[in-house]
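There are 2 protein chains.
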Amino acid sequence: MPDIVKSNPPIIKNANEITNENIEKKKLKLRRVAIDTYKENVVFLHRECDLYRSEGFQALNKVEIRDGADKPPLIAVLNIVDDCDLLEPQELGLSEQIFQQMDMPEGTDVTINHASPPASLRHVHKKIAGHRLDDAAYLAICKDIVENRYSKIEIAAFLVGCAESGMEREEMYSLTQAMVATGETLNWGESLVVDKHCIGGIPGNRTTMLLVPIIAAHGMFMPKTSSRAITSPAGTADTMEVLAKVDLNPDKLREVLKKEHAFIAWGGNARLSPVDDILIAVERPLSMDSPGQMIASILSKKVAAGSTHLLIDIPIGDTAKVRSQSEAVKLRKLFEYVGDRIGLHLEVVITDGRQPIGRGIGPALEARDVMKVLQNSPDAPLDLREKALQLAGRILEFDPDVRGGQGYHLARDLLDSGRALNKMKQIIQAQGEHDANFEPGKLQRDICAEFTQSGQEKSAVVEAIDNFQIAQIARLAGAPMDKQAGVYLHKKVGDKVNQGEALYTIYAEFPSDFDFAIAAANKNNAYTLSI
Amino acid sequence: MPDIVKSNPPIIKNANEITNENIEKKKLKLRRVAIDTYKENVVFLHRECDLYRSEGFQALNKVEIRDGADKPPLIAVLNIVDDCDLLEPQELGLSEQIFQQMDMPEGTDVTINHASPPASLRHVHKKIAGHRLDDAAYLAICKDIVENRYSKIEIAAFLVGCAESGMEREEMYSLTQAMVATGETLNWGESLVVDKHCIGGIPGNRTTMLLVPIIAAHGMFMPKTSSRAITSPAGTADTMEVLAKVDLNPDKLREVLKKEHAFIAWGGNARLSPVDDILIAVERPLSMDSPGQMIASILSKKVAAGSTHLLIDIPIGDTAKVRSQSEAVKLRKLFEYVGDRIGLHLEVVITDGRQPIGRGIGPALEARDVMKVLQNSPDAPLDLREKALQLAGRILEFDPDVRGGQGYHLARDLLDSGRALNKMKQIIQAQGEHDANFEPGKLQRDICAEFTQSGQEKSAVVEAIDNFQIAQIARLAGAPMDKQAGVYLHKKVGDKVNQGEALYTIYAEFPSDFDFAIAAANKNNAYTLSI
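Residue numbers (our numbering), protein chains in the order written: chain A, 1 to 531; chain C, 1 to 531.
Just chain A, with the same shape it has in the complex (with noise of 0.2 angstroms):
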């Protein structure tokens, strides 16, 4: 067999031939277009740009932006203009995404290049071929994902590939493992931290803004970073922000745990698991919400803010995320798989998921229900309460010196006795007290039902609330962005509803939205109601 070898390096005759002046004309000038590209790399050459003519660049190459100096390269995706307003053929032009990469100013000399495809996309082919990817494939992924090197269809690609029965619940651990391990992790130097953690999909479902302060009254470590709203009309950071400040700083949220045992913040700020945020971004328009992906992004999130204690809560419903008792044992054994593995104490609870919690949705209005809650007032909702004792027993119960099947009473009592309204009174006040208004928008419209045809019915019965329906519907008035907007729902599944009478009543504080919520339940009430 004869000795192979690779003839490189050739002899280049004159290879100082390739003098400076060559390279010089390679140059392009850094240009700010201050275009939000959400999550992607993308940088913009001029049609008429010599490097477009001559090195065969075309709209979606992959680039890579040197800047002269050791950095490694930038990878971003290519766009091409024909407006030499928008750019001149000697600049390149860098959405703010990579702008703020990048971190020089604007007519700074650049060179670029075609860039190789991420290495690590080998292994995205290879999990569309149906392969299963190990620990270290998992986390080549997510580091090229992290430093921008995926374009949007790269990530796309990946998602799909992980997609139902792709993926494995190994896999599920390694890809958790690989997305905590590309982020920063908070460390609260205690043994048991506890957290909570709704699949979501129920409207006014603010659970945890009574959990924190049951939990915290009774002496345990909940500090709780939540989200603001993305698709729902109102985060639990957007409602607990009604009452008080949520954007703080890691400091001061030590001193607010350190003193308070718990907190109620937003979590945007940390850089936990940015992986899941950047797959997030495309996974939604997408609506793409599978299992092994729900679970690493939820669990990476929690283990990266430091908790060692978690409650999953999983409500099932007709128009909940998981719809059967069994999808949601399978999640529930899924989540239970990674959370060991990852050495997370893991519980699962599977509740009600039929219809919105609470009758406000939408911040202001959500935050009036957990406050009438913690004050014990008689026109509390009583299934947000009876849902919150409930899973603040499964938490407390974390706790070793708490006896199985206590921790209700124990959860009940610390609410009855007034010492979870009290702890949330000093929670508020240790992250910054707000000039709560819960005073709802100021147009309102009852929605009411119409069921007569021949008017001889004179009543009927709610048989089930559109949880997504609903929600759209609070969404269109203005929340989460007007706090003071959303739904209030007057009657709620098994009550009994004359002709006429009000279902729910839409708050808003701008006339535009107000006639769009108003035309969207005009369409579509999303109520159910049995003759």
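FYI, nobody ran anything at the bench for these hints, they're computed from the structure.
Everything hinted at is true.
One copy or any two copies: either way a pair holds, since identical chains are not told apart in the list.
When the alpha-carbon atoms are kept at most 25 angstroms apart in a straight line, the in silico PhoX-like pairs for lysine-lysine are as follows:
1. K29 - K71
2. K27 - K523
3. K442 - K523
4. K492 - K442
5. K39 - K62
6. K523 - K71
7. K523 - K62
8. K458 - K492
9. K496 - K523
10. K71 - K143
11. K372 - K492
12. K425 - K372
13. K29 - K39
Dock chain C against chain A, hints included.
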């Protein structure tokens, strides 16, 4: 069981409060933003726009745009802009792609709304979940794609869902059919219209330009619509353009075909299988090329172009698209299956793809090789001649009057007698002759063999030539944009080569291209030598 009714529509008190005044506020002024988003509809909204604030639009959201007329709305992906120079808050920016579809002047009042995902996306989700899709599903997907209702990430999701093991051969047929149905089709009014397609990846493989004159000289119809190079250093259209006009209108094509029984033109103007063009725009940056997509892509284009008989060339080689005989056979059977189902008379030949065919790589260099073969010139590349004769032989046997096994001899006669050359001259004349310039680029550099370490070995043998790398070097040199740029191979597989002897010459027109090509050859010269 109770009688379930959807209590819609609800009673809307004072419905006339939705005034025109409110609706007016929602209007945006159209503005063209000269960014080429490459087959994706993108619109730009200013972050300070009232609508962005109140409606909860987010970057990457899909929106629908209406201009008040009865036309169906256009769908686009939203990008957010922070710079008033680019866009005012009351404006809606349209990328080139969608501005052309909108076909309204700048300043036109439009409204935007949240768009639902395209209805067919549910089929994509089913495909991702591992289900088999039927004809109707593929048709619905293709219709939505051709109407620009899919974002790039949704297309990526579809492609990945279909990739590899994910597509049954009956589904490949469904997709092919749907791709034909959603574009235009040509009908030449002849019962035997032949075509040939190579699945690609082999530089210099310009057999089409030999087949067409040979086949037409025999009197068969071969209307050849070819592509320009996308990722290769030359497409057939680029190479033919050295000799003749290739951008011909449909009437001209018919005229040339009637007179000469053949043409070699650029197919880019016809909307043949436009879905294919859109899918390729995403496949390419993803480096995806699944068998199902490849087959649907090739066969839909051929059926739409009016072919009745088709020869498929599958080259095998370590640096070709297909690397093994078993892989090639598997692919052949898929081509045969889908070809039969769609009513094409289809034959597949498996050929040697271990190195480039011919010696020239780049439009002018390849055109020169072709003409040398037609002219029976003593320095014509023998491998190109031989391959063309073999393929032509198979195509000639599509003619019922040609006896099985006689095709090759017939082809050789047509070539050796000068009849093929004559036909080529007539075709060139009919299409519009160019003043052919075969002179390669004025910047020239030999890339030479260097393998001696000890000074003992005086000669080596070429073991392999990396198709991909040599194509890359030719592209960097300027091909296909600069017709005279490219690479000319002095040594091919099996040739003896002495220390310091030239393996190939790089030709370029521009110094910067020249330097880049040399630098690439310096890094990896594409040759493997054995001592």
